[in-house]
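Chain residues, written in single-letter form:
Protein chains: 2
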Amino acid sequence: MQTELSKQLGVEHAVFGFTPFPAVAAAISRAGGFGVLGAVRYTAPDELKRDLDWIEAQVDGRPYGLDVVMPAKKVEGVTEADVEAMIPEGHRQFVKNTLAAYGVPELTVGEASGWRITGWMEQVARNQLDVAFDHPIKLLANALGSPPADVVARAHDKGVLVAALAGSARHARKHRDAGIDIVVAQGYEAGGHTGEIATMVLTPEVVEAVDPLPVLAAGGIGSGEQAAAALALGAQGVWLGSVWLTTTEAELPSPALVRKLLAAGSGDTVRSRALTGKPARQLRTAWTDAWDAPDGPGALPMPLQGLLVAEAVTRIQKYEVEPLLGTPVGQIVGRMTGERSVQAVVDDLTRGFERAVDRINRIAGRSQQ
Amino acid sequence: MQTELSKQLGVEHAVFGFTPFPAVAAAISRAGGFGVLGAVRYTAPDELKRDLDWIEAQVDGRPYGLDVVMPAKKVEGVTEADVEAMIPEGHRQFVKNTLAAYGVPELTVGEASGWRITGWMEQVARNQLDVAFDHPIKLLANALGSPPADVVARAHDKGVLVAALAGSARHARKHRDAGIDIVVAQGYEAGGHTGEIATMVLTPEVVEAVDPLPVLAAGGIGSGEQAAAALALGAQGVWLGSVWLTTTEAELPSPALVRKLLAAGSGDTVRSRALTGKPARQLRTAWTDAWDAPDGPGALPMPLQGLLVAEAVTRIQKYEVEPLLGTPVGQIVGRMTGERSVQAVVDDLTRGFERAVDRINRIAGRSQQ
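Listed in order, the protein sequences are those of chains A and B. Using this note's numbering, you'd call the opening residue of the first sequence number 1 and step up by one each time. Using this note's numbering, you'd call the opening residue of the second sequence number 1001 and step up by one each time.
Don't read these hints as lab results, they were simulated from the structure. For every residue, glycine included, the Cβ atom is placed at its ideal position computed from N, Cα and C. Treat the hints with care, as some may be off.
Listed next, with one range per pair, are the computed distances between beta-carbon atoms [as the list claims (entries may be wrong)]:
1) B:Q1008 / A:E12: 27 to 33 angstroms
2) A:R50 / B:R1259: 57 to 63 angstroms
3) B:P1323 / A:R50: 45 to 51 angstroms
4) A:K7 / B:E1208: 29 to 35 angstroms
5) A:E4 / B:D1292: 41 to 47 angstroms
6) B:R1362 / A:T108: 55 to 61 angstroms
7) A:D130 / B:R1366: 55 to 61 angstroms
8) B:T1248 / A:T337: 44 to 50 angstroms
9) B:D1347 / A:R351: 33 to 39 angstroms
10) B:N1097 / A:P45: 57 to 63 angstroms
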């Protein structure tokens, strides 16, 4: 599964794997794909350095990348306390009441909530970049709009390609105009932040909009047949996130969450603002139902919602409160029915791709058998 | 573009075209595809007979089919007047107010509204079947659940294959258990009634769920690249509806509607209950916005909503009230940017398919160039 982009990056398969787990990122690159580590949970630069060093030691010179979250709009001099002060009391009470209704215990005194607003702030992302550029990363991806011009220039000086996610052709053209090298077209069915346009429609639209820039297709891709479909639509590779969540290398915060993912069908996700304030696909849970109910208070805008629910999410995960337990994941969760190693996922993917190519050749009357 | 199913049906391309217009259905079959005429607008059996006779004369023995709307639940002895009486006065007033707000004129006295509830009732569908089975149709499709067992048996006695639409694997298995021959997996991005699961995820799920029954992929397919993608996902053919709306053979009720379709982007549709009471993808208009607004009355269940809005839809179309003017259409509307003949659509599709096969072979390292 070789495209111009995969050749340029020196990987065996045009398979890009986004993951928050260093062990998964390293395993993807070792398996011949391109591992991309999500940096949002690293608020301390030395932790990111430790994990990039570790990946570096694992991949034997194979390429890998980093995904940061740099907001498109720069917010100067705003502290976490300033943002905290903008959260209405009624929303805080709604969180308390919902947690109480499900008997979710408090954290012990001094225990930190897992997800801090700081991971979403530009200065944190810039500290991450200082660490990242000291490593031989080959790709820098940004999940929130185009990164600032100086970051793009710095990446290019280092020979690092810059990728950005887009949910529409208009969005993709903005990336191209900002000097981005690769557009990740993220369809409606994807996990995490998504727009309304499905991968089948979005991929060729974005390919045409930014031609000749390479496009990676994201959303709805977990098998080799789905990868073949995305490549037929004009993508130069596939960008997978959800499928790695149930690999043996993943470090999900709770075994109950793994069980929920393995049991979920493709209809068990919802595109909800409950997690971050922007629509993000995730497991549908009693928690998303509460936020999405017509009589709920409505989610706050980003970044307020993420800050508001950070402690609640940590408590739900720590105490494995099953009805509320969720995670961002795409509609392919329906096919994630057993734990596999990252290597097995990549092997299944490349085998499925070959089967799909055989099939399409038979249909086209070009069978070589 | 040949699959086992297209060979069985004796067509050149595994391209199934659903359309309410006899001229489009005939042109699809003449172009080597399989034209399927939508019967819902035929309340008088003699009109359906006239149009099937006409198609018959056009297609020179090439196969074609009929799509009926038989409700899954049988409703005995309910008249249109009974259904009318179930519509709340507040909803009638909302329709009046919305039409008045946009200055939509009344119909002239005695003028019939275009769309009657009767087209959705089982007896009407059965009258249609009596006519259809007197013609050499090769396929009978049903848009609302599995058709009744006696209808399936009658079709099979006549050598007619039966197809049914499904938006989930569960739904598809019900069709298989009802003796259906072909499942049309209709993804989220499709025009008309759709579920939440996108074509990229739905197609392989349904293929696996009903194996070895053939599956047609619907939703998001208007180009040869999209057809190649659907076939890579395991479909035995593609089912296209939206793309024919802007063909030169189509008979849309208003030129203004054609202009709106040609101008619309992929983000200009919405999945709304405004038209029939069930979620159906259509152009987003001031009409759908009014129904979908949080302070609106909410759509009524099927078939009440369709009956409630029938006259309004006719008036909006007749007087070309642009802000309210809409039609069911899928997200591929963004690529419907110019009028083409049906033959040109099929030619573009088969050429695009060959390009996609070339592309996928290059990526797989099987290039024959």
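Taking the hints in turn, this is what the structure says about them:
Separation of Q1008 (chain B) from E12 (chain A) is about 40 angstroms and departs from the stated range, judged on CB atoms against 27 to 33 angstroms. For the pair R50 (chain A) and R1259 (chain B), the beta carbons lie near 60 angstroms from each other, so the given range of 57 to 63 angstroms is met. At about 58 angstroms, the beta-carbon gap between P1323 (chain B) and R50 (chain A) misses the expected band of 45 to 51 angstroms. About 33 angstroms separates the C-beta atoms of K7 (chain A) and E1208 (chain B), a value consistent with the hinted range of 29 to 35 angstroms.
For E4 (chain A) and D1292 (chain B), the hinted distance range of 41 to 47 angstroms is satisfied, since their beta carbons lie about 43 angstroms from each other. Separated by about 58 angstroms at the C-beta atoms, R1362 (chain B) and T108 (chain A) satisfy the suggested range of 55 to 61 angstroms. Checked against the given bound of 55 to 61 angstroms, the beta carbons of D130 (chain A) and R1366 (chain B), roughly 44 angstroms apart, lie outside it. The given range of 44 to 50 angstroms is respected by T1248 (chain B) and T337 (chain A), whose C-beta atoms sit roughly 48 angstroms from each other.
D1347 (chain B) and R351 (chain A) have their C-beta atoms about 35 angstroms apart, which keeps the hinted 33 to 39 angstroms range intact. One distance hint, 57 to 63 angstroms for the beta-carbon pair N1097 (chain B) and P45 (chain A), holds here, with the actual separation near 60 angstroms.
In the structure shown, a violation is registered for the earlier hints numbered 1, 3 and 7, in ascending order.
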